[in-house]
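> So you can see what is in the structure, the chains are spelled out below.
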Amino acid sequence: MVAGKRWMISTLVAMMVSSSVAVAEISSLSESDLEGVSAQGIQNIYNGGTTNSQYNNNEALELRGKSQQKAQGMEIVNSSSSAINANQNVASLVNGSGELTQKNCQIAKNGKNAVQSTTNKKSLRDQINDNGAVNLSDKAQMESSASVMVNAAKSGINEGQNILTVDKSKNLVLRQKNSQQASNTNALVQHVASEDTVMKQSNNNAAVQLNGDAQSKASALSIDNSASSAKNTGQNILYATDTENPKLWQENIQNAKHAKTMLEQTVTNGENTKEQKNNSAAVQANDNAQNKANGLAITNTAYSAENIGQNIMDAKDVTGNIKISQKNTQNAYNGGGKYEYQYVGTAKKAVNAKNNNAAVQVNGAQNDISGMAFTNTANSALNIGQNIASVENAGNLNFIDQTNEQKAVNKYTAPQKIVNGSADNGQNNNGAVQINNAQKNLASLASHNNADSAVNSGVNVLDVSGKPTTASVLTQSNIQTAENCGTHNQDVVNNGNIEKQANNNGKVQLIDAQTGTSSLILGNTAGSAVNYGLNIANIQTATNWSITQTAVQTANNF
Amino acid sequence: MKSLWLLLLITIFAFAGKLETVDDSELSDISAQGFTLNYQVMDNAIKNSLSYGAYKNSDAIRINSSLFKYAGVPSSLVDSIMISGFAQKDAFVPINAVNSAVNVPINIVFVMNSKITGGINITNQLQSALKPF
Numbered sequence: 001m002v003a004g005k006r007w008m009i010s011t012l013v014a015m016m017v018s019s020s021v022a023v024a025e026i027s028s029l030s031e032s033d034l035e036g037v038s039a040q041g042i043q044n045i046y047n048g049g050t051t052n053s054q055y056n057n058n059e060a061l062e063l064r065g066k067s068q069q070k071a072q073g074m075e076i077v078n079s080s081s082s083a084i085n086a087n088q089n090v091a092s093l094v095n096g097s098g099e100l101t102q103k104n105c106q107i108a109k110n111g112k113n114a115v116q117s118t119t120n121k122k123s124l125r126d127q128i129n130d131n132g133a134v135n136l137s138d139k140a141q142m143e144s145s146a147s148v149m150v151n152a153a154k155s156g157i158n159e160g161q162n163i164l165t166v167d168k169s170k171n172l173v174l175r176q177k178n179s180q181q182a183s184n185t186n187a188l189v190q191h192v193a194s195e196d197t198v199m200k201q202s203n204n205n206a207a208v209q210l211n212g213d214a215q216s217k218a219s220a221l222s223i224d225n226s227a228s229s230a231k232n233t234g235q236n237i238l239y240a241t242d243t244e245n246p247k248l249w250q251e252n253i254q255n256a257k258h259a260k261t262m263l264e265q266t267v268t269n270g271e272n273t274k275e276q277k278n279n280s281a282a283v284q285a286n287d288n289a290q291n292k293a294n295g296l297a298i299t300n301t302a303y304s305a306e307n308i309g310q311n312i313m314d315a316k317d318v319t320g321n322i323k324i325s326q327k328n329t330q331n332a333y334n335g336g337g338k339y340e341y342q343y344v345g346t347a348k349k350a351v352n353a354k355n356n357n358a359a360v361q362v363n364g365a366q367n368d369i370s371g372m373a374f375t376n377t378a379n380s381a382l383n384i385g386q387n388i389a390s391v392e393n394a395g396n397l398n399f400i401d402q403t404n405e406q407k408a409v410n411k412y413t414a415p416q417k418i419v420n421g422s423a424d425n426g427q428n429n430n431g432a433v434q435i436n437n438a439q440k441n442l443a444s445l446a447s448h449n450n451a452d453s454a455v456n457s458g459v460n461v462l463d464v465s466g467k468p469t470t471a472s473v474l475t476q477s478n479i480q481t482a483e484n485c486g487t488h489n490q491d492v493v494n495n496g497n498i499e500k501q502a503n504n505n506g507k508v509q510l511i512d513a514q515t516g517t518s519s520l521i522l523g524n525t526a527g528s529a530v531n532y533g534l535n536i537a538n539i540q541t542a543t544n545w546s547i548t549q550t551a552v553q554t555a556n557n558f
Numbered sequence: 559m560k561s562l563w564l565l566l567l568i569t570i571f572a573f574a575g576k577l578e579t580v581d582d583s584e585l586s587d588i589s590a591q592g593f594t595l596n597y598q599v600m601d602n603a604i605k606n607s608l609s610y611g612a613y614k615n616s617d618a619i620r621i622n623s624s625l626f627k628y629a630g631v632p633s634s635l636v637d638s639i640m641i642s643g644f645a646q647k648d649a650f651v652p653i654n655a656v657n658s659a660v661n662v663p664i665n666i667v668f669v670m671n672s673k674i675t676g677g678i679n680i681t682n683q684l685q686s687a688l689k690p691f
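Here the protein sequences line up with chains S and F, keeping their order. So the first sequence is numbered by our numbering: it starts at 1 and just counts up by one. So the second sequence is numbered by our numbering: it starts at 559 and just counts up by one.
In case anyone wonders, no lab produced these hints; they're calculated from the structure. Fair warning: there could be bad hints in the mix.
Claimed, not checked - Quick list of in silico lysine-lysine cross-link-like pairs, BS3-like style, CA-CA up to 30 Å:
#1 S:K411 - S:K200
#2 F:K689 - S:K338
#3 S:K411 - F:K689
#4 S:K411 - S:K349
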């Protein structure tokens, strides 16, 4: 298996072996540390003559051509004007006893503004304007492999991983913990004015745009593309064999706060346009992007707050008394600010225009993708908590607890105004999820496409097999609050003739999409508050057990 | 064909794995000494849990439809959702929500050859509120 080999290589790098106790790494960035990280960016582009192939990046991240194709490493991190912590603790313990703790304490704060202004006086062909955006095209990161792959622009990002294997040990107390705070605040303004004809142009403001074969066949524990967002990803992975009396703790405590100020994109076209894509606070995946990508978490996030917590444990041949605790405590807040405004005006005819404001649009892409958590998130607050434990050949399982406590709060004001002379094949999405001929055969525990929403997704899975077990207490719970409040108003003015136009405002639209999916949860959410709580227990040959599954869910949408 | 869809997950995902010693020569061009995590094993958890019980040997479409009903998606949501062509087939819990407040609790217990003395206690406390139209 090629993929397996890639994994082996990538995980070998920089791993360390601990023979006994305590592998911990603490890293936090104070505000003073970050002063130089995110400066205010102002970019003015003036093209007096004709423009042919021009890429303008302001506080943005763009990978094109074959950049990082087939790259391998523990971490592949590309950052533009972002605060990023990426920490990994990897340890192996043999013939040990006592306590071992793996812990990442991460604080990422990012702020300050980005303003991009582009003026094209004459006709243009092939122009990209990225402001606070992530744009991956061509074969960028295709077939690349890493534990962590991060592409971030204008974001506060924490990535924490604890990986531990234990063998032939007794009386152990093992703790894996990610404590993460990500915050992001900034105003992003993009003005693009073209006085003559426009042929092929992408304008991305606080957006993630994936094109071509970008990230296709990529594999990672976490593939994270983020634009102007606050995001935490915590992953605890524990594998224990032949162990007596273990106490196993896995925990993610995550707080993602995106304090919005203002987001504005205005695009004015004085003549005809053809193939223009305007994305603001949006995720747009096109072509073959992320096809056949796989990872524990694959997340594309624009102008949002998002937490991903994953606790994964496999214990085999454990004896004596066992305590297992897996917990995700998550807060995601995406709110405040003036508005998320998009204006696109075309004086004459707009052909094949795609305008996305606070929207997820997937065109043909993300097929055969697989991830335990797979998300496209635009202008939303999202928490994903997943606790997976497998226990095989245990004696007495005294106490097993799996808990997700999640609160997602999303506030938004997303007006979109589109004015066309005439239009042929136009797609206007505002606060919408639009999946076209895409995301086929995706496989995941939880797949979410979110626009203008507050979403909690909690999954607890316990499997006990093998030898008979006695006297045990299992509790699985999802305690979730989702609050969503806002308006998405769409104003489309067509002064001339229209040939085929889709206007999606606060809408989920699927066309020939998501067929053959194998997802435990598959959620497409626009302008909503949704809680998904799954508790699954599979117990075999057990005596004197108590099983409690609880869901406490509150969803408010105003 | 899709009945073992979770097996697909299992084969693709790979979490923690076997401990395996690698000698120095193998590592010479990697410049780190250590061990490999074999990301090809595990998740009995998901695999066993969802290929057992009532769902064993049933195909994904049946799983899909039964849980879709269980999840109780309000039919009024359909008004603002467009699903066209061969869209969205075979998912376990597919939920499409627009301008809505939705709670989706799903609790599943599989017990085989066991004596449960402490009871199986399943509790759902749900609240939702929606702005007036």
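> Take the hints in turn and mark each one as holding or not.
Status of the hints after comparison with the structure:
1. At roughly 33 Å between alpha-carbon atoms, S:K411 and S:K200 are farther apart than 30 Å, so this suggested pair is violated.
2. For the proposed pair F:K689 and S:K338, the alpha carbon gap of about 21 Å is at most 30 Å, so the pair holds.
3. Among the hinted pairs, S:K411 with F:K689 is consistent with the structure: their alpha-carbon atoms are about 14 Å apart, no more than 30 Å.
4. Using a Cα cut-off of 30 Å, the hinted pair S:K411 and S:K349 is violated, with the two alpha carbons roughly 35 Å apart.
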